[in-house]
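J.: Chains V and A supply the protein sequences, listed in that same order.
Mapping of the first sequence onto this note's numbering: position 271 corresponds to residue 271, and the numbering continues sequentially without gaps.
Just add 1000 to wherever you are in the second sequence, counting from 1, and you've got this note's numbering.
Derived coverage of chain V by chain A (criterion: at least 3 residues anywhere in the stretch with Cβ under 8 angstroms from a Cβ of chain A; other residues may be distant): (1) 71-78; (2) 81-92; (3) 100-113; (4) 203-214.
Derived by calculation from the structure, the hints in this document are not laboratory data.
Beta carbons are placed, not taken as given, at the ideal position from N, Cα and C, and that holds for glycine.
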Amino acid sequence: MSERQGVEMQNAECKMQKEILHSASPDVAGPFLHFAFCICFSAAGAEMTAIEPTHEDHHAPHPFLQHHFEDLGQQHEASTLGMWMFLATEILFFGGVLCAYFVYRGMYHDAWKAGSHHQNWMIGTGNTAVLIGSSLTMALAVWAAQLGRRKLTVIMLTLTLILGSVFLGVKMYEYSEHIHEGLFPGKHFTFVEHNNPALTPGVQLYMTFYFALTGLHALHMVIGAGLLIWMIWRAWAGHFGPEYYGPVEVMGLYWHFVDIVWIFLFPLLYLV
Amino acid sequence: MTPSTLHDVRFIEPEKTRNYLNEDYGVFSWLLTKDHKRIGILYLLSVTLLFFVGGFFAFMLRLELLTPEGDLLTSDTYNKFFTLHGIVMIFFFLIPAIPAALGNFILPLMLGAKDLAFPKINLLSWYIYMTGAIFGIYVIVTGGVDTGWTFYTPFSTQYSNTHVFATTLGAFITGFSSILTGLNFIVTIHRMRAPGLTWFRLPLFVWSMYATSLVMLLATPVLAITLFLLMLERTLGVGIFDPALGGDPVLYQHLFWFYSHPAVYIMILPAMAVISECVAAFTRKKIFGYKFVAFASLAIAFLGFLVWAHHMFVAGISVYSAMIFSFLTMLVAVPSAIKVFNWTATMYRASVSWQTPMLYVMGFIGLFTIGGVTGLFLGAMGVDVHVHDSYFVVAHFHYIMVGGTVMGYLAGIHYWWPKITGRMYPEWWARLSALLIFVGFNLTFFPQFLVGYVGMPRRYHAYAPEFQVLNVLSTAGATVLAAGYILPMFYLFWSLWYGRKAGSNPWGAVGLEWATSSPPPKENFHVTPVVTWDAYDYPAFLKAMRETQNV
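For reference, chain A alone in the conformation it holds in the complex (with noise of 0.2 angstroms):
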């Protein structure tokens, strides 16, 4: 027998000399490519630069709560630390880095299309990256900003006397990267499929990254509106956000963090979407309730849009609409434990393959998880007020977005580093820093939760004596995680050139993006595929796969 044509396009498995990387050679071939699978990569490299100066301020941080007293670092250089450390760590790492530079090089491959809908305008998007990167790189090298990442007025307008205005202009630049992507993503989804891609048929990194797409192109704008008006407010010394001249500092807030919470689930759709896709392969079955987690995701996009003003329980907003804000981010609780379990059910009963990214698949779920509990620890108004700025905050943001997005991003990186690069990484150091980042994630973070409920407040350098026993602990575990961060760094780099070749499909799962060859053909496939089988049809894939065999 033949093989069946409905899965034959799984198995196409050529070998191919051409692909997307060794297509054309020069700095130029790179710096000038529109191909979104290069375009991926130039974000790859760009995003973990950033990743590293952001987590060496973040250790600079922990070095110097060691101590009780502010012993390393002024109180000056502290606050300018803990703000270049957010800054960096949001703005340049934690927005770009799923969708820009994995979505960038998986949703067309998932799609069955050759390219984004718009290739040039994704290029431009890298480049407007820089730019706003370039602005932050400037601020660092000239001598750093201190108002916090959120840049609250009137601190920022009239009294800082740091580089405010560079900064924002970096993070106002930097945003219509993301707009542009969204753009870019959700004009993809739309009218580049595959034939017989239904929306149905589509994996759930395509739904999740179409949910974050639509948040960064309405949130975003409204970011660079803000901050527009801060660089207006603090060059021509009006009072758009200053009570002194008649403006409102509320009123910053509110703009603020109508983008900024949004953003917060442009941090973390992205790594559901990649845990839903580790989940699936890993466990060979359907995610469970495909529908549910599909619109959870919208959900959570649409929810999101609405809790803002959670931030500013204490920043004297009226009571009743604090009380509504407070509803309405319990609610957001719903959407994200539908795929908590969903994912949970999955697992349930599969004989799951304990490769690499499915550990950080679990350290994502029990992780964001404790995060999100904690946030409606947070939602909550009583508790809020009482820990309002303090290290519970600090440990419950870090939860999610380096329990969730940092997890759900290096699995990411090592459950498609194959199709990338054509390479399989070393599972044996990959389990090792996976374990490691585990374990320090959690002596880093845990400690700041008992810290803050005791009452130790974030953004100072100093600390009474009583807390110094958690604060030591954190630092150890600050280091552990840095070990776990740089050690990928070695062993992928290794695989580069002495990794096992992994061929087309070496994890055996559905999906386009295994139907093409290791790396891609600079085409994505030679054969445009057309689509007959639902997502995650492992049942339908293994029974072929066994049929091949036998022939």
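Extracted from the complex, chain V is given alone in its bound form (with noise of 0.2 angstroms):
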């Protein structure tokens, strides 16, 4: 046995006993709390427990520490890893729907083109500016979590929420246009505006895909409203400072991509 690997040894030794000396389990959640939220999906990953926040004793592990993890830093970064992989997969995701978009623009360019001169660009510019302010508070509000600045957490996040909403509502009236004009796709499809009726197989594809792509992101958006006043109930509450602000970081990130969806659905759709 080397010289190298016994001091190894000894140091591994002495971590061992430190690891003894802290492993008191601070699995503090009742059984019944455990029933309560287990099945409550969190991207944070955070946990919530019966106790209260306490700065006293410097010893007693964080309150939203998950048991598993050794220590915030871990916690922290496995939430973080874990949305940015989930962004992997919604890339992937809105990648193949974009793929079918890419093939039938090419095969149907006529079509394509008048579809999408038919859509209001006004009004999605201004969408778009009212998605681009929601990123922009989205953003304020990590920084104010992460100063531990409880009031103006709060106030972005709803701001963010707000702003959402806009868009959504936005949303819900070109739809319920669209669909005065009969061009939901399906059986009573009809596209009048333009003078050449070959186009309309084209068109109502187009407006296929419209109604995929655009839903598909109305219902990323109405996911992340969800998460969004859950996270303002958690930034009330008094939840996040300097040391503990994961869960409003990791909200972050999903909003920005669902931000950037847009950004790219919105000259797909309405400009080009």
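Each of the two chains sits in its own frame; use the hints to bring them together as a complex.
T.: Written as structure tokens, this is what we have:
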């Protein structure tokens, strides 16, 4: 056995002894709370526990540190990496349908042009601005949570929620206009604006992709709004501060991603 | 001399009265558990159940094919049965089997972690899986679906009057369960490794699971969106994939196989993961060319994304793109062969212990090689056009999926059974069942290569009389195979009560999962292990073992 190995072993032994000393398992939530929350999906991986934050005992584990992580840093890294991985999945999810979009855009170029010219680009631009604004307030909310400024965090998250809702409201208005005009794909589809009836099947395909893409995007917005309400509640309850703000950051990643999807959808569906 | 610290974490074997199985009792302590080990067991039970559901359909197909005439099943029923066989086996057994059941249980133990990174998401993924499975069961009891497991359009969207929507919705839902499992594994491998457990000290199981998880994460969403578009088309009557309304059915095939070919690697990579562990444990050697095997997993995962159109050589794609896909398909053979050669090289001049898992390993290596080489035949365009949609193809992918994945799954079940349950399975019965499975498998599927090569097409309930001999052989083999699969159900359950107590490390294997007690405590390790050795460090381990025995 070499000298170096021996030293390594001693280090390992010291470390293990330390681990033993600190291994008091902080599984504080009672079984009933486990039952209540354990199917509750938390992208941030944060667990609500029965005890309130305390700053008196420095050795007490942070109330939002889950038992299977060593420290908050590890927990934070895990939850942000988890969200990045989820976004990778999302890119492929939207990527699949965008791929089909591009194939048909190439096949039915004129119909695609007729369809996208039919969209109201003014409303689209306005809505894009609203969404970019919500990204700004979201970023500010993360910043405020990092600084532990509770009220500012709540205000910024609420503004994000409001802007997101405005976007969804405008989208609903656009949808109802399209449906009134008979542009919803299916048996009753009519497209009268253009004089060339040969374009109708292509325009119907375009509208199918329009509804599929914007509908999936809107679904992501609705889920995001739900998460925002939860985050507002947690921020209000004072859960976040300089050492623990992971959920807001992860929420922010998701929200920015959904915005970026729109940044692609807007030109593809309204402008080109 | 006191036992050296380097190895004593492997020797910790205190008698534990508390373990993950007796920590809590009651149905809800299982249904609401966040413990990766219990979730692994939930998966184990559910995939086993669905394996036998899928197996039932397979057996009915084989019975029908005993005679050339369609006398047991009508053609419609036969169509439904092969469709349900494929859907149940692929979406509800092969894809979750090893990662979600064994991987869930073993991966955190191998990493020295207390749990996966997201325990709640892990439980959620089981519920998502079960929701999808319930749709599958609903379809089975209310009349089935007849599109084939590939749901090709426009048949699935325009003409089939069976439960296409419910089936695709079930597959769509189940997809999210494997996405979440993959996500959980990747984050866990990145962030939850024990101190000192560097990437190149990881067991090859972990490397392979990492590659699998990447495929799950990046391919499954494409299936989800494809099935979403299919459901949209079927519901609204629009023509995304319907040529009559301007759509393109070949695009559907592209999108479908963009997932479904990588899905083959979701099935085979975890089996390879198990094989690496078993080869090292039963030869008492380091895996030959560790880094090559590790990177071969990633290479298979990467190349797997680039070969999907080899399923479409006769679907009307351009001959030039077919040539490129054919070439890329050949490339997959390289990392696969690296693995096979390295396992073989590990066994060379080793004293191999022929316990049951090792028997399955030998089965795997032989059958996977046959399946892989016939895959090269099919990847070559000329041969593919000749044998396309014949029983040759059926035999090929069953050699990979049954001969490969199911063999790997059974190897893993037997290898980790003592860790999971704390009891040994009865060795004699297990060897018997391994033998039955090997013989039955070959008898079932080898004749299908022959009958396919001479022109028997797949997916028909009746066939020309000259094919009967080979079909009878195949059905006879299926009977042996069924016996081989049912046998473990009995002796494994028997062993839960009557099996010999295993102790923490019955195989004398290295790896952190063997350092904790069997069954492991709820938190896996009482002391977070500190890793100072390479994976499969058998030479040092055996030396340390001898030293402690001499004390």
